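Asker: Just so we're aligned, residue 1 is where the sequence shown starts under the numbering used here, counting upward by one.
The hints are simulated quantities; they were obtained by calculation from the structure and are not laboratory data.
Just so we're clear, the structure is a prediction, and the values are computed from it rather than from any experiment.
Don't be surprised by glycine CBs; every beta carbon is placed ideally from N, CA and C.
One or more hints might be untrue.
Stated by the list, open to error - DEER-style ranges, computed between Cβ atoms: (1) Ser256 / Asp338: 14 to 22 Å; (2) Asp179 / Asp338: 36 to 44 Å; (3) Asp179 / Leu457: 18 to 26 Å; (4) Thr371 / Glu424: 23 to 31 Å; (5) Thr245 / Gly339: 28 to 36 Å; (6) Glu258 / Asp446: 24 to 32 Å; (7) Val429 / Glu207: 54 to 62 Å; (8) Ala217 / Ala174: 24 to 32 Å.
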Amino acid sequence: MGVTMKSMTAGIRRRRSRGAFAVAVAVAATLAACADWLEVTNPGAIENPALEDPAYLQLMYDGVIGDFQPAYAWTALFGAGFADELRIHHAFGENQEIDQRRITENNATYALAVFNGLHRARFLADSVAGRYRNLLGDTVANDLRYAKILGFAGYTWVLLAENLCETRINAQGAPLRPDELFAAALQRFEAAMAAAQVAREAAEKIEDAALRAQTVAGADSALNMARVGAARAALGLGDAQGAITYARAVTPPYVSREDQGFRFDVHYREGSSSADTRRHGNPFWEFMGGGEPSWFSISGTGFEDLNDPRVPHGLPRTVSGGGQFIVPNSPPSFSTHDGTIEGAPFAATSSIRLASAIEARYIIAEAEGNTPQNVAFLNEQRAVGGQPPLESPAEAEYFAALREQRAREFFLDGHRVGDLRRYEAQHGVDLWPSGPMYGGTVTFGDQKCFPTPVSELF
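Whole structure, please, built from the sequences with the hints as guidance.
Answerer: Okay, here's the thing in structure tokens:
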């Protein structure tokens, strides 16, 4: 393929020790879940020499997925609290810092739930991609797992770009700003797309018809996952034409609410104990009332009482700290979404939409702007929540409607922080909540991205 990790990162990535990599793989592989859960026998027994053994390629792949799953869900959960999709009721001071957007460098909740998880997933995906190249050489792209690893790597860099103010890589070098992080993500998505196409060509030569069809479908899924990610990264960079090009290539495309086309989910499972479930399961279940009062609500956020099945909720419920508040149920990005106004509760096994044709369609609507086709698309989305159609909208009305529909469609799935930052940086529209919080005396802070934890400052 002519692509090396060194050229992809342009000096960004730094190597870690083999020992650190072995530990990361061994731990993360036990957590892996993608469509079907992958069973690993005694993963703690991995030794450094095994990192040069092709027999361990599956274990390394499992590890990448196993680290990405919790990183994605926990970033979405606390990002929702930070961006005011959710109101945090749990009284612990570090949680309140997140809700108020006054996160200190000593906030361990943020560091553990968001910062560390994203960097761990990034490090493992980049490292395993390099291991695959070293072990498989010129044939690496024939292995479909390689394309998927590159795709997950790209999403870790996108999430870092959207959520963090800036960050060093492997605690080395100067901090990278969002545009540099988006550019690194785009390099990985480009490599993933190229690898997926090679893997598809190899799959078409498989003699067994069932296996051939399954592998070709997997290659198409990896290709479209990377296309959506590339469109998302290009949009973050302000490259409208690039975003449109990537998004239009996604197949099957979004056609209507009934025919939404491509979708790629990140999967979770219920563990054998509460501690096991907390690590393997979807945290929205645990913290949205999965056995104790919810830590979160949408009361006072502007997302309550929309009469829209994309932001479903029932009657007020008891929350942590007492009182009755409106707790959301599963929105469209969660597999437990049922399309009703009240909705269905989150489950430990709720998968979360990572990439989709409808996201590609929203990216086109933002990058392309106010066209008759995009107005028709917005009117279809507005009808879901019972809103009247737009009629020959001016630019400001069109983009305001687009931002509102996007907020509803991707509610709680990790888009909101990046969206708010992009609206302000690229369009001069500041939608961050300000002033008194929820009618009280405490006011919102002025943070608009997650800061660097104290552990990374030295």
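Asker: Please go over all the hints and tell whether each is borne out by the structure.
Answerer: Verification of the supplied hints:
1. Distance hint for Ser256 and Asp338: a CB-CB separation of about 19 Å, consistent with the stated range 14 to 22 Å.
2. As the Cβ distance of Asp179 to Asp338 is approximately 39 Å, the hint placing it in 36 to 44 Å holds.
3. About 22 Å separates the C-beta atoms of Asp179 and Leu457, a value consistent with the hinted range of 18 to 26 Å.
4. Distance hint check for Thr371 and Glu424: the Cβ-Cβ separation is about 24 Å, which falls inside the suggested range of 23 to 31 Å.
5. Here the CB-CB span from Thr245 to Gly339 is close to 32 Å, well matched to the stated 28 to 36 Å.
6. A beta carbon spacing of about 43 Å between Glu258 and Asp446 contradicts the range 24 to 32 Å that was offered as a hint.
7. Remark: the range hint 54 to 62 Å for Val429 to Glu207 is upheld by a beta-carbon distance near 56 Å.
8. At about 42 Å, the beta-carbon gap between Ala217 and Ala174 misses the expected band of 24 to 32 Å.
The structure fails to meet hints 6, 8 from the earlier list, while all remaining hints are met.
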